[in-house]
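**Q** Turn these sequences into a full structure, and let the hints guide you.
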Amino acid sequence: MMRSARRLATLAHAGATLFAALVAALLVACDDPSLDRLLDALPDEAPGFPPGEVHRPGQPCVACHSPYGGVEPELSVGGTVFAVPKDDSEAPFMLEGYAVRLVDSEGETRVLRTNRCGNFLSKKADWDPAFPLRAELYQVPRDDQPDVLVQDSVMASRIGRDGSCAGCHIHPKSPFSPGVVEALKVDASVEPPNDCPPPWLGPDPRLPEISAQ
Amino acid sequence: MNGPMKVAHASRLGALVTHRGRSSRLGKLVAHRTLESLVALAALVVGGCTIDIDAPASLERPSFEQFKTVSPLLEQRCGSLDCHGNLARPLRVFGVRGMRYVNIFDPDQALELADPELARENGSFPGAGGKPTTEDEYAQNWRSACALEPEKMSRVARGELDPDELLLLRKPLGMEGHKGAALFVKGSSDHVCITSWLEGDVSNSECELSLKNP
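Sequence order for the protein chains is V and E.
So the first sequence is numbered by my numbering: it starts at 1 and just counts up by one.
So the second sequence is numbered by my numbering: it starts at 1001 and just counts up by one.
Honestly, the hints are just simulated from the structure, not real lab data.
Every value quoted in this text rests on a predicted model; they were computed, and no experiment measured them.
Possibly wrong hints are sitting among the right ones.
[Claimed, not checked] Distance condition first, Cα-Cα at most 25 Å in a straight line; then the derived SDA-like pairs of lysine to any residue: (1) E/1171 with E/1213; (2) E/1171 with V/73; (3) E/1171 with V/105; (4) E/1131 with V/154; (5) E/1212 with V/151; (6) E/1212 with V/153; (7) V/86 with E/1117.
**A** Below, the structure written as structure tokens:
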């Protein structure tokens, strides 16, 4: 009698544990582990730069500015354009005076200009594009003629569903990354901007951690 | 089990019940049976489906050589880095437009993951300057496509099952929940490219056409 009661209790306990595990699994079923890993890899806000148009250059804007990230305003696309010095010892820096032209799969087009810290964005309230998107990069040679665009480069593949350029474009180039969004035509005289937060340049959380031995 | 045997079995149980002295044996038997059915139930729940023990032990797969014509479509439509070009997602897709395959069991290649310089020298990155999709990457993509539902894929390869029954098509056709939404419709060049491969006669022209879609 005693033994069977105990066995029953054990069984009931196992059942309850299984049930709890199942409920837990259902509750977290909407988590996106890749996105979580990306969000975990981002540094804190740079001191002296309150959240705004120039904050967090190089970071995946939409990862935060989305229902998943929970930050308002919701952005449909956002990113940063960089110059990558030929000399590897120098770090990529942000570029003002560039424009990203995006075409959605219904043919809607937007031209988004980079601000003084290289960032550009579109709020979802202003444009809710139909993915996939085509991305093109242009130089805006003159401040006083913002509509004159000179083509720099075109992304051959499409953006499937991530409005953050830095969801894919993470420094450096690797088997998992095309590197930062890089302007190819950059005047040699262009210098890194003043008074901007430092850019996020990885490490890419998609790369496995391998310690050098 | 046939009728008479069932009857014999039932009468033996009856005998057990009527013989008082054996009632504890009945108890044990019932307990045993309960445990057995519990284990069976648990196995069912875990397995999710029953196993056909008559199924042959080997799996058929659609042609790898023909798959190389289909791979660019998967690379373009499925393999962007924000979709299946990601180690964390099922149906991993590798290639020049997305994630590059690194064989971590090859010491020379594995280093590419730790040394960006080496990855760049070897063209092991996506986009301009990166090496074209490699034979290893084709093989990985073929395995991904086949391993999604191996038994079903085997039946498709044998011509016993309609290719549209595969998750590989149900998802992009929007017949099944898909985070990446519905991507193409039945009869489109994308759809025909994949089904023609699954049916053993890949259509070069449809596959080529499919790459012109956005």
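**Q** If a hint holds in the structure, say so; if it doesn't, say that too.
**A** Evaluated hints:
1. A hinted pair counts as satisfied when its Cα atoms are at most 25 Å apart, and residue 1171 of chain E with residue 1213 of chain E qualifies at roughly 18 Å.
2. Under the criterion of a C-alpha separation no larger than 25 Å, the hint pairing residue 1171 of chain E with residue 73 of chain V is inconsistent with the structure, at around 31 Å.
3. A C-alpha spacing of about 19 Å is found between residue 1171 of chain E and residue 105 of chain V, which places the hinted pair at or below 25 Å, so the restraint holds.
4. The hinted pair formed by residue 1131 of chain E and residue 154 of chain V meets the criterion: a straight-line CA distance of about 18 Å does not exceed 25 Å.
5. For the hint linking residue 1212 of chain E to residue 151 of chain V, the alpha-carbon distance of about 22 Å falls within 25 Å, and the restraint holds.
6. Using a Cα cut-off of 25 Å, the hinted pair residue 1212 of chain E and residue 153 of chain V holds, with the two alpha carbons roughly 19 Å apart.
7. Distance hint between residue 86 of chain V and residue 1117 of chain E is fulfilled; the C-alpha atoms sit about 13 Å from each other, no more than 25 Å.
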